[in-house]
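2 protein chains.
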Amino acid sequence: MSILVVGSVAFDDLKTPSEEAKNIVGGAATYFALSASHFTDVNIVAVVGNDFTEREKKIFDGRSIDVAGLETADGKTFRWGGEYNADLTKRTTLFTELGVFENFQPVIPDHYKQSKLVFLANIHPDLQVDVMNQVQNPGLIGADTMNYWIERTPKELAQMLAGIDVLVINDEEARQLAEVHNLVRAAAKILQMGPKTLVIKRGEYGVLCFREGERFATVSYPLETVIDPTGAGDSFAGGFMGYLATQGEVTDPVVRRAIIFGSVLGSFCVEDLGTRRLEQLQRDEVHERYQSFKELTDFASL
Amino acid sequence: MSILVVGSVAFDDLKTPSEEAKNIVGGAATYFALSASHFTDVNIVAVVGNDFTEREKKIFDGRSIDVAGLETADGKTFRWGGEYNADLTKRTTLFTELGVFENFQPVIPDHYKQSKLVFLANIHPDLQVDVMNQVQNPGLIGADTMNYWIERTPKELAQMLAGIDVLVINDEEARQLAEVHNLVRAAAKILQMGPKTLVIKRGEYGVLCFREGERFATVSYPLETVIDPTGAGDSFAGGFMGYLATQGEVTDPVVRRAIIFGSVLGSFCVEDLGTRRLEQLQRDEVHERYQSFKELTDFASL
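Chains as they are written, first to last, in the working numbering: chain Z, 1 to 302; chain D, 303 to 604.
To be clear, the hints were calculated from the coordinates, so they are not data collected in a lab. Check before you lean on any hint, since a few could be wrong.
[Unchecked claim] The calculated lysine-lysine pairs, modelled on DSS-like cross-linking and capped at a C-alpha distance of 25 Å, are:
(1) Lys317/D to Lys378/D
(2) Lys596/D to Lys90/Z
(3) Lys596/D to Lys294/Z
(4) Lys498/D to Lys457/D
(5) Lys22/Z to Lys90/Z
(6) Lys294/Z to Lys498/D
(7) Lys317/D to Lys418/D
(8) Lys58/Z to Lys90/Z
(9) Lys196/Z to Lys596/D
(10) Lys90/Z to Lys15/Z
(11) Lys359/D to Lys324/D
(12) Lys155/Z to Lys189/Z
The model shown is predicted, which means the values in this text are computed figures rather than measured ones.
Please take these sequences and the hints and turn them into a complete structure.
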């Protein structure tokens, strides 16, 4: 089953303690698609400006990624600049230039409309709802959001949450959305808002997942070298949704394994600057690290 | 096999957002002993002042805890006061009064000297070495330490580390000891200092364990109600060492299960103020939560 993802495709300036780069292709939809394409076909819906040329589009070439829904509008591509502190625990946004993203109205190509899985990456909740309405009879809708929308567009966000199946956010966003610090309590509140599954990303610490009558917790894969955390959350979402797409049904065990595959993709993402590691990633490496995750965490079967 | 633990037995003043109490019995050896006594016999070595009466000693009654090594000295018992912020993520030490602990010279009762497992809770590394030297032919020595000794007594600490088998510290201590932020690299450095097993506690996030050729990672048990984090790390150590004591050998799978039992004890500890929850804890609750931990984290066998 193919996945439709709507979100940003952007130019990033990244400064990490070990490396930096300017004008590299980034954005949530980019990281998501590169990750999910290891599992299934991905249909991108996004907008770029006319500074985003064929050269930049090459990042999607030779993969199971359809860019028919990648619209080119007159103007500049969304640009974001970020800088990390010495131990990569804090990120400062240096600038955000919306460019053509400001007037983005997602149009879903006809051949995308049958997509059974939909992922609404972090964009204005009104656009997320708009995309939901354009897709015919989706089997599962996942979504992300951020503090900006939680603070400024709570009504629109509530409408989005009411329509989705899976919410994938980080711990601070969960706390802010629920207005509760304890994550178990926050999760109970968020599950009342619409999603049947809540996946809480905790960065280097792991993932918590809550569904009705079900809780799952796992660690993040420990890495000796972390170069750049940019895109890790979107890569997680891509691996998570990608694995779901390969399975016929969304049961508790399937969701658990999807979370591990998401964590695997997130762990590869941070091993190099920007999308570099994801671009080189081979499918057998994904499955090797999944096995390694088992060995790392198993205590019950030994 | 019995465990000998040397460490503090203290009076604590605790302020949490939901509850507070003064002059309650605390200290690392207390939390450790209450936790480990669910698994095996525990022999305490510590010092209290003559303000620590028979009434206070009742906390150890009716359990597998031997207090022959709990010396009463002329003077006041070690006192510590701590206050937590609203979400329990930060602790401020309000006061520390060493009292009789200042001149503590641990003397191991003769019938303790055969203890096969020894845990050196967080005290001056010279005292930890002194205890090691008094025990005859121990099978396994575990130890904790803190930033205070890492900064002020690095030579003495190095001597202690050279003599132990298992070091149980938190992530910040590991980083400080190794002078490396990345925990995988920090662990490699610390394993060069002596211990064959390094257990890194990450508070609400879980535990990482490193041994030669072996890595294990697990989460902390998610709780809906956390009242007071005081003693969680010592309770972890107690459950960890306690389970090791029940097993004939220290293999990788045994260490993994011991870490889960440690996490179980830590999770109970924080459910109420001070030692309250540990005092009421039943052995079948420990095993139920261990099962629940399996269900929470399993993805491979489903």
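Each hint, compared with the structure:
{"no.": "1", "hint": "Lys317/D to Lys378/D", "result": "22 Å, holds"}
{"no.": "2", "hint": "Lys596/D to Lys90/Z", "result": "33 Å, violated"}
{"no.": "3", "hint": "Lys596/D to Lys294/Z", "result": "13 Å, holds"}
{"no.": "4", "hint": "Lys498/D to Lys457/D", "result": "19 Å, holds"}
{"no.": "5", "hint": "Lys22/Z to Lys90/Z", "result": "19 Å, holds"}
{"no.": "6", "hint": "Lys294/Z to Lys498/D", "result": "23 Å, holds"}
{"no.": "7", "hint": "Lys317/D to Lys418/D", "result": "37 Å, violated"}
{"no.": "8", "hint": "Lys58/Z to Lys90/Z", "result": "31 Å, violated"}
{"no.": "9", "hint": "Lys196/Z to Lys596/D", "result": "23 Å, holds"}
{"no.": "10", "hint": "Lys90/Z to Lys15/Z", "result": "12 Å, holds"}
{"no.": "11", "hint": "Lys359/D to Lys324/D", "result": "17 Å, holds"}
{"no.": "12", "hint": "Lys155/Z to Lys189/Z", "result": "16 Å, holds"}
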